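If you're matching them up, the sequences are chains A and B in order. Taking numbering that gives the first Met the number 0, the leading residue of the first sequence gets 0, the next gets one more, and so forth. Taking numbering that gives the first Met the number 0, the leading residue of the second sequence gets 0, the next gets one more, and so forth.
Worth flagging that the hints you see were computed from the coordinates, not collected in a lab. Treat the hints with care, since some could be wrong.
Sample of chain A residues facing chain B (criterion: CB under 8 Å; computed from the structure) [said to hold, decoys possible]: (1) Thr70; (2) Val71; (3) Leu95; (4) Arg154.
BS3-like mimics (lysine-lysine), calculated; alpha carbons at most 27 Å apart, straight line [claimed, not checked]: (5) Lys26(B) / Lys116(A); (6) Lys49(B) / Lys116(A); (7) Lys5(A) / Lys58(A); (8) Lys5(B) / Lys87(A); (9) Lys25(A) / Lys52(A); (10) Lys7(A) / Lys116(B); (11) Lys87(B) / Lys116(A); (12) Lys5(A) / Lys49(A); (13) Lys26(B) / Lys49(B); (14) Lys25(B) / Lys116(B); (15) Lys5(B) / Lys5(A).
What you are looking at is a predicted structure, and each value in this text was computed from that prediction instead of being measured. Don't be surprised by glycine CBs; every beta carbon is placed ideally from N, CA and C.
Number of protein chains: 2
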Amino acid sequence: MAQHNKTKYAIMALLSEAPRTGYDIKKALEANEIYFWSESYGQIYPILHKLAKEGLAEKRKASTERHPNRTVYELTPSGRTELVEWLKRPAGTIPLRIELLLKLRYGHLIDPANCLKLIEDYRQGQVDDIERLERQLDKHSGDDIRDAYARMTLRYGIALKRALVEWCRGTVDELEALAESGAAESVKGGGGAPDGGFSCGVTLLQL
Amino acid sequence: MAQHNKTKYAIMALLSEAPRTGYDIKKALEANEIYFWSESYGQIYPILHKLAKEGLAEKRKASTERHPNRTVYELTPSGRTELVEWLKRPAGTIPLRIELLLKLRYGHLIDPANCLKLIEDYRQGQVDDIERLERQLDKHSGDDIRDAYARMTLRYGIALKRALVEWCRGTVDELEALAESGAAESVKGGGGAPDGGFSCGVTLLQL
DNA sequence: AACGACATGTAAACAGTTACATGATTCA
DNA sequence: TGAATCATGTAACTGTTTACATGTCGTT
C-alpha cells in the first residue's frame, strides 16, 4: 500500500499538456518546467511502458523525416481521468533528512567556527536560489491560468528560502554569542544523556 | 562518488552520545531525538555491522540479567574522528519532490475548490507541526550546549513552517480571486505550449 | 496463558541515480 | 571527420521501507 508512485503522475502531468517522447520529458524536467521535480531515463522509460500497458497513455510511432525513431506517448481519456483524480486527492508529505540540521544538532562536537562556516555556506546557497526563482517569476507574468499556478509554486520556494535565510541570520548571531561566552568548547567526552533529555516527541519534519 | 551515506553518520552521531543497541537507536529516532531523521531496522542493523567491520564502532555483548542478548555498539576513537570530520564538511542539499506543488502546478486541470481544499489541508498540517515544535522548544530550555544546538534545529523547522503557513494564506486569497474572476474554469483540452513558455531554468528546490 | 516491550535480524520490493550500449541526424 | 543533439533503452547499484521470522522477559 502507500506510495502510489508520484513520479508516474509527474510524467502524466507533462503528457497532459502535449504528447511527448521520453527524451522530451527528460528535457522538460531538466529545463525545470516543473521546477521541483526531476527524473532520470532509468525511471522515465519503464514508467512510460507501464503507462502504455495500463492504457493510461498511448504509444505512437511518430517518424518525422528528421528523426525516424521517435515514440511519442499521448495521455488517453482514462489516463487523464486518473491524473485528475490523483490531483484532487490530499497531497502527502515526505520526511526530510536535512544534512545541515544533523550537523548542527551535533555542533558541540566541532568548533563554533565550523558551525558558522556550515551556516554561511548554506545561507549563500539559499540566497542564490532565491535570485533564480525571482528571475523566473518575471517569465511567468502572463495572463494564462497556467502562469498563475506556476507563480504560486515559485512563490512557495521563495517564501521557504527567505525564511531559511532569516533563520541563518539569527543562528549566526546565536553561534557568535555562544563562541564569545566560551561555552562553546567542543565536547570531547562520550558522556551525555542517552535516555530522555534530548528526545523531542514531535513528528518528523515533513513537506 | 557522491553519497557518503548520511544515514551512517546519523547513527554514528547517536553512538557518540552513548553506546547503544540497534533497538536503542530505533527508539531514539522514533522519539525524534534528531527530529528530522528516521531509519528502519532494515537500515540500522546492516549499517551497525558495517561500522564494526570498518573499525568505526565496537560491538560488545552486554548481557544484563534482564536481557541477555543485547549487542551494544560503541564509537571507537577512529569512528569519532571520522564523524567529526564529516560534521565539518559543508552540508549537502537534496532535491525535493513536493507533492502539493506538483498538484498545484497543474491546478488548471481541477476545480479551484479542489485547489483550495489541497492548500487548506496542507496548511493545517503545518500549523499542527508548528505547535508540536514549539512545545518541544520549552523542553530544551537548559543551559547545556547540546540544548542550544537542539533549539537551533527546532527553530529551523518552525521558521520554515511559519513561512509555509503564510504562503498558504496568500495562495488561498489568490485562488479565491481567481475563482471569482471566472478565469478558473478547469482546462479540458490537451493543448498548451510544449516548448518554451513554461520552463524555469532554475535549479531544483533543495534543502 | 497472553500480551507488550525488548531484542536481532533478513527478504523482498520499491524508488531513484549512474553508467553504459546503441544508433541516427545535423552542423561545423 | 568529429562533435553535439536527438533518441531509446538496460544493468547495476544505493537507499529505504515493509513485512516477516524468531525468541526472551515481565506483567496481568
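Would you pick out the hints that fail for this structure and give their numbers low to high? 1, 2, 5, 6, 8 and 14
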